[in-house]
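As numbered in our numbering, residues 1 to 360 make up the sequence shown, in order.
It is worth saying that the hints were derived from the structure and are not from the lab.
Mixed in with the good hints, there may be bad ones.
Derived DEER-like restraints, expressed as beta-carbon distance ranges [to be verified]:
no.	residue 1	residue 2	range
1	Pro358	Ser60	42 to 52 Å
2	Ala91	Leu312	14 to 24 Å
3	Lys2	Pro104	16 to 26 Å
4	Arg149	Glu295	47 to 57 Å
5	Lys54	Asn207	21 to 31 Å
6	Lys2	Arg149	18 to 28 Å
Glycine residues also receive a C-beta, built at the ideal position from the N, C-alpha and C atoms.
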Amino acid sequence: QKPKTGILMLNMGGPEKLEDVHDFLLRLFMDTDLMKLPVQSKLGPFIAKRRTPKIQEQYSKIGGGSPIKHWTSMQGEGMVKLLDEMSPETAPHKFYIGFRYVKPLTEEAIEEMERDGVERAVAFTQYPQYSCSTTGSSLNAIYRYYSNRGDRPKMRWSVIDRWPTHPLLVECFAEHVRNELLKFPEEKRDDVVILFSAHSLPMAVVNRGDPYPQEVGATVQRVMERLGHCNPYRLVWQSRVGPMQWLGPQTDDVIKGLCERGKKNLLLVPIAFTSDHIETLHELDIEYGQVLGEECGVENIKRAESLNGNPLFMKALADLVNTHLKSNEACSRQLTLRCPLCTNPTCGETKAFFASQPTT
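Using the sequences and the hints given, assemble the complete structure.
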C-alpha cells in the first residue's frame, strides 16, 4: 500500500562503520551552512583527512560506529504505528531517514519519497531546539535539492522545525533524570548538581541571532519545573572545536570548577540530543565521566540515559506529527524570520520555499 504521508526524520547522522568516518567528516567540513572556511574546497578535505584517525579511534571505543540510525529507525517505526491509529485520514504513514553527512542522505530520502508516490511530506527535524547550523542546514538541503533540479516538488511539503517544550519530550527527560538520581547513594542525592549539557555554538553564530541557546534554555526550564526544582542545576555547553570563541561555560570546565568547590556528585543530562551518538557515548561517558571525573576526584558522576527507545518518546514524536498535520500549517511563524544578522542567502530562499507550500 503506497504511503499517503511521508515523514522525513532529519538529523546529521553518524558513521555506522569506521570506514565511513572520512566521508562523514568530509561532508561535514564541506557544509557551508554549518561553517564557512577560507578556501573551503581545499581546507575542508584537508581537515577531514587529518581528523579521520582521531575520530575513528573515538568510534572504535564506542563499538565501532554510531548507533544513531538504529535508534532513529526504532523511533520512526514506533511513531508511524501510533500515527496510523491516531490519524487514519492521513494514513498510511511512512518514515524516511534523511541524514546530512552519511547515508541515507536527505537527497536520497526525497527521491525515495517521490518514487513511493507520497502526497504529503513532513520535514521533521530530530533536533528539538532549532539552530541554523543543524535544522537550518537540513532544510537548506531540501530546498537546494529542488532548486538544483529546477522543478517544483511533486509532494506538498510542510515542516516541524522546533519542539523544545513539548510536554511529552519534557516528561521523557524528567523521567530519565529521576531514574538516574535514584542511582546515587541516598545520603548524597540532595547534593547532586544536575548539568544539562548541549552542543555548543560559535559566538559568531549566536551573535547573528541564532535562537538555539534560548530554546535549549526553555527545555531545561520546563524539565526542572517538571522535577519540582529538586536539585541545583546548570546549563553547560560541550564539543567546542578550534580557536574561536564558543558559547560557554564548557561542560568540562564546569565539572572541574564544581569539584574544586566541593560539589562532587554530578549528573550529566544530554538535553539537545534525543539519541545516543559520539557526543554522549564518547565525550560525556568516556572523556568526562571516566577520564575527567577521575582526574578531578569526583565521588559520583553519572549520565541520564538518552531517549533512544523510550515508548513515551515515540508517543511524543507521533503527537507532534499528528498535531502538525491537523494544523495545516506549512511551518512555524518563527521559521519565517531570518536571523537578524544572517549572512547566508540560502536561508531566506529556504524559508520562502517552505512558507509558500500550499496548505491544502
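- [ ] Provide an ascending list of the numbers of those earlier hints which the structure does not satisfy.
- [x] none
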